[in-house]
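Asker: One-letter residues, chain by chain:
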Amino acid sequence: MIFSGLAEKLQGTLDKLRGKGKLNEKDVKGALREVKMALLEADVNYKVVKNFIKKIEVRAVGHEVMESLSPAQQVIKIVNDELQKLMGGTTADLTFSENPPSIIMMVGLQGSGKTTSSGKLAKRLKKQGKQPLLVAGDIYRPAAIKQLQVLGDRLDVPVFSMGDATNPVDIAKGSINYAQSNNLDTIILDTAGRLHIDAKMMDELKSIKRKVNPHEILLVVDSMTGQDAVNVAENFDEALGIDGVVLTKMDGDARGGAALSVKAVTGKPIKFAGMGEKLEDLEPFHPDRVASRILGMGDVLSLIEKAEASIDQKKAEELEEKLRKNAFTLQDFLEQMEQLRNMGPMDEILGMIPGMSGAKQLKNMQFDDKQLDHIEAIINSMTPEERRKPEILNGSRRRRISQGSGTSIQEVNRLLKQFKQTKKMMKQMNSSHGKSRGLNIPFLGK
Amino acid sequence: MNFFGRNKEKNKDKEVIEDKNKGLISRLKEGLAKTRHGLVDKVTNIFSNHLVIDDELFEELEEVLIQADVGVHTTMQLIEELEVAVEEEKIKTTDALMELFHAKLAVMLQEEDGGLELAEGLNVLMVVGVNGAGKTTTIAKIAKKFKDKDKKVMLAAGDTFRAGAIDQLEVWGDRLGINVIAQQEGSDSAAVAYDAVQSARSKNADVLIVDTAGRLHTQKNLMDELKKVKRVIEREASDAHVEVLLVLDATTGQNAISQAKLFDKAVAVDGIALTKLDGTAKGGVVIAVKNELGIPIKLIGIGEAAEDLQDFHPKEFVDALFADK
Ligand SMILES: Nc1nc2c(ncn2[C@@H]2O[C@H](COP(=O)(O)OP(=O)(O)OP(=O)(O)O)[C@@H](O)[C@H]2O)c(=O)[nH]1
Ligand SMILES: [Mg+2]
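Chains as they are written, first to last, in our numbering: chain A, 1015 to 1460; chain B, -1 to 323.
Only chain A is shown next, with the shape it has when bound in the complex (with noise of 0.2 Å):
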């Protein structure tokens, strides 16, 4: 089975022993195998996890997890604690050089997304009002500056080549003085994937190094790399002093160990994640997040802030206020549906949430935008008395709303049943919590 959560195996660890009273120094050291293996499960490094496990023990058998009242909480505190520090408090930012040009230069191993990433990288620089330049300097595979070439097309960026006959150093050099004529104030240097064990391709990189000064050096990882992370990053690092690391394809459901190997290693920040193949799915790096997905406990924070960037504040709290007076109807509904979509496609935004970052669930859910495009139409067939009052939906008016919206009688009825249980819930929330806060999502079950 695929390890599902952390902390629901690690609760489920500590509660066994719970019956025992007080927990001792052998029933936290079980909790940190399980600890352990998700982070070997995660791909961070055997050494580094065993560093790691090290540093924490000493704080879990204290009494600080010992005596408190929910252990399973405190180890994961601690763990999730640790991990953070490990990964480096906040995200940093680029650094630019006082006299433009300012360089970029994106090194890394083939195929881990040096040119996609110069290219969101561009695309992003561009939105805070630079003007970038980006260098196509990798002639060795075949179209790769035709790959990037295309991306500048697309961003309305200007790129830099030489073709594929002029070595990459001179490359380099030459795109400054393009830089400066035309008034571009940052370089991002596009190089060729290397191994790090590639001697000969390895200088060459030094030699760009000593040719153009970059400001920034930004090493490429593959969220989805092994245990050969640290070989990798410490090999570049020792070949070039890197600035800093780009976590690439975090769209998919690696939990990203390799971002804990390499800065445990580097000790350099990761300050950029790609979060997919369209030229905006470029994000600032949050460690925090990132600790608690390695620990298989969802990306709560990304899908708190997602909500908050695309949820309208005001209308929210009408919302909450409606809730709270169970006045919420299937209008008010339909717009948080707008507004949940507005987040993001379903998969993504389920993938986010706790226990539903395991593959299996979502398997299963498979959530369909389709499906969510169905209720949309079936509330749009309603008239607005029948989005206040769904109890006076007698049979002909749901006949009637169900071909007006191209569904079947059966969905119908099947939402309006939801809409049921959700008010229920509602109330029963209401009734036991003051106020519900964070996220309301009705409908998500099945």
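Just so you know, these hints were derived from the structure itself, not from any lab. Any given hint could turn out to be false.
[Stated by the list, open to error] Distance ranges between label pairs, derived from CB positions: (1) 1064/A x 82/B: 44 to 54 Å; (2) 1102/A x 200/B: 58 to 68 Å; (3) 1095/A x 53/B: 22 to 32 Å; (4) 81/B x 1064/A: 17 to 27 Å; (5) 1390/A x 148/B: 57 to 67 Å; (6) 1142/A x 82/B: 53 to 63 Å; (7) 1255/A x 226/B: 45 to 55 Å.
[Claimed, not checked] As a list, the in silico BS3-like pairs of lysine-lysine whose alpha-carbon atoms are at most 25 Å apart: (8) 201/B x 1292/A; (9) 1384/A x 225/B; (10) 1292/A x 226/B; (11) 226/B x 1384/A; (12) 1064/A x 40/B.
C-beta atoms are modelled at their ideal positions from N, C-alpha and C, and glycine is treated no differently.
Chain A is fixed; fit chain B with the ligands onto it per the hints.
Answerer: Then chain B with the ligands, alone, in the frame of chain A:
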């Protein structure tokens, strides 16, 4: 327990073959089997450094396996099986345990060599995998391999999505003197496959290799698109031998299991090409993939040039798995 004996026999055969094909094998040796001639074999060391079978031995074994990306689950399974065997079969010596270890590993991995077999008539090979795994390069390598055997090979530029992907395949086509069927960027990849199959039929090709865009296995709509490409190929080439090859990057850790699962679910993977074994990554996760999903490893990539492709040999793979850098 005649496995060890059998294995030794096999080795002898292999050495004879190797002497004959020095050139062919030498590349693999460079990339892979550094262990053979003197370099340290971590596993052998572990067993020989311990006089008795104890927890420490198992822990060291665990460390080596995990560091080779074999994964927690498979590593635990292996070690638990060994522990049980020590109990039940009363294994006393570390030598006997090592023998057993290799036997169990061989069962988990695969005993047969890899390679691609061509059937009579048209063969269509659809190549899939996540972004940057090495699909396009592996296609070029396979194409060269068959062309060198005087097969008529054609390529289909089914990656209509990634910037420059079509040009990339066309450059390879030019270099190798192989016909590439392509449409413009952004066109329907299934339509390219359709064209390519028609064309391969009319030209009586032996092998058609279809490139596809890299995609993360979790992207449902893109996986659906891949299914469609396969459906079109199977429909249009119903009398042909159709195979799906999944390209896995040896640098990948445990996520490769999820990749294999979901690609297999979508398009029924017939075999795996494991790329980038020329680096320091061991690619041990394929043991878990084979063990859990039964998908055999067929090819390995050991460099960026067209000739850097080898059939998979389990024995050499395992040797390299435990070799010290
Ligand atoms: N060292 C090494 N590099 C390889 C190997 N196979 C492929 N590569 C390199 O990996 C990079 C990506 O390879 P591609 O063949 O373009 O990968 P792909 O899967 O087609 O990539 P997308 O189409 O972008 O998803 C290129 O720079 C290749 O030269 C290998 O066996 N060893
Ligand atoms: Mg490709």
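Asker: Kindly indicate which numbered hints from before are broken by the structure, ordering the numbers from low to high.
Answerer: 1, 8
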